[in-house]
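Asks: Residue numbers (the numbering used here), protein chains in the order written: chain C, 678 to 793; chain F, 92 to 202.
One thing to keep in mind: the hints can contain errors.
Label pairs and their in silico Cβ distance ranges [stated by the list, open to error]:
#1 Pro105(F) with Thr747(C): 47 to 57 angstroms
#2 Ser161(F) with Gly693(C): 26 to 36 angstroms
#3 Thr117(F) with Asp733(C): 39 to 49 angstroms
#4 Gly693(C) with Ala170(F): 51 to 61 angstroms
#5 Gly107(F) with Ser730(C): 46 to 56 angstroms
#6 Met716(C) with Asn113(F): 36 to 46 angstroms
#7 Ser144(F) with Glu760(C): 35 to 45 angstroms
#8 Thr682(C) with Leu102(F): 48 to 58 angstroms
#9 Ser704(C) with Ile98(F): 16 to 26 angstroms
Since the hints were derived computationally from the structure, they do not count as laboratory data.
Quick caveat, the model's predicted, so the values are computed rather than measured.
Each residue gets a CB set at the ideal place from its N, CA and C atoms; glycine is no exception.
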Amino acid sequence: EAGVTQFPSHSVIEKGQTVTLRCDPISGHDNLYWYRRVMGKEIKFLLHFVKESKQDESGMPNNRFLAERTGGTYSTLKVQPAELEDSGVYFCASSQELSGGSDTQYFGPGTRLTVL
Amino acid sequence: KQEVTQIPAALSVPEGENLVLNCSFTDSAIYNLQWFRQDPGKGLTSLLLIQSSQREQTSGRLNASLDKSSGRSTLYIAASQPGDSATYLCAVIGGAQKLVFGQGTRLTINP
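Please take these sequences and the hints and turn them into a complete structure.
Replies: Below is the structure:
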């Protein structure tokens with residue numbers, strides 16, 4: 678069974694440009710999460726999809742970040758326009774259970790974003 | 092607001108030793124606690140998940156305990172090996188279904 682995949686693995690862009698990150702969850706997983714780790718800090722939650730609906734987007738830093746999950750399969754996270762402080766590693770995770778928080782979240786390898 | 096703390100930030104031990112990594116959290120209203128391992132430049136690998144109703148979980152040489160009332164968890168690694176060198180992350184999940192992470196413990200096992 679394939680794990681969570683993310684694309685690209687690395688992205689280097691200039692301030693003001695747009696970047697789109699993609700996550701493909703484990704097949705059959707309804708829950709999809711985005712997290713981020715900026716330099717020197719702990720990994721922090723960004724948002725949670727249940728199928729195609731946003732369940733919780735309380736961690737999104739500002740309106741320059743837009744996440745979508747059309748059709749309840751893969752998800753994209755767009756940053757527009759990118760700022761220097763957006764640099765970090767963006768992780769995607771998926772889990773199977775719809776209710777409660779009792780299921781293991783499986784993480785992808787992450788996308789390392791560098792904004793110059 | 093839930094906060095997770097991991098002590099120590101870094102640990103270096105000789106191969107073969109048993110060791111304990113510590114994790115504490117401020118809000119005991121959690122559904123579960125998960126321990127992860129992260130290798131440099133790689134993603135997170137789930138090691139153990141302890142449900143809030145459980146006291147411990149074991150997988151091979153790893154044993155994780157949970158004391159919800161005191162807000163603590165430990166990860167015990169027996170007979171450490173150089174391949175165990177990695178960053179170990181503790182995370183809790185509450186009603187909002189989002190993981191709250193500690194900063195991790197960077198473990199080095201010296202041959």
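Asks: The hint says 36 to 46 angstroms between Met716(C) and Asn113(F); measuring C-beta to C-beta, is that right?
Replies: violated (24 angstroms)
Asks: Taking the Cβ atom of Pro105(F) and the Cβ atom of Thr747(C), is their distance within the range 47 to 57 angstroms?
Replies: holds (52 angstroms)
Asks: Taking the Cβ atom of Gly693(C) and the Cβ atom of Ala170(F), is their distance within the range 51 to 61 angstroms?
Replies: This hint holds: roughly 52 angstroms between Cβ atoms.
Asks: Are Thr117(F) and Asp733(C) spaced within 39 to 49 angstroms by their CB atoms?
Replies: violated (20 angstroms)
Asks: Measuring from beta carbon to beta carbon, are Ser161(F) and Gly693(C) in 26 to 36 angstroms?
Replies: Violated, since Ser161(F) and Gly693(C) (Cβ atoms, about 49 angstroms apart) do not stay within the stated range.
Asks: Take a look at whether the Cβ-Cβ distance between Ser704(C) and Ile98(F) falls inside 16 to 26 angstroms.
Replies: violated (38 angstroms)
Asks: Is 46 to 56 angstroms right for how far apart the beta carbons of Gly107(F) and Ser730(C) are?
Replies: With Cβ atoms ~50 angstroms apart, the hint holds.
Asks: Quick check on a hinted range of 35 to 45 angstroms for Ser144(F) and Glu760(C), using CB atoms only.
Replies: holds (43 angstroms)
Asks: Would you say the C-beta atoms of Thr682(C) and Leu102(F) sit inside 48 to 58 angstroms of each other?
Replies: Given a distance of about 32 angstroms, which is not inside 48 to 58 angstroms, the answer is violated.
The structure is inconsistent with the numbered hints 2, 3, 6, 8, 9, although it conforms to all the rest.
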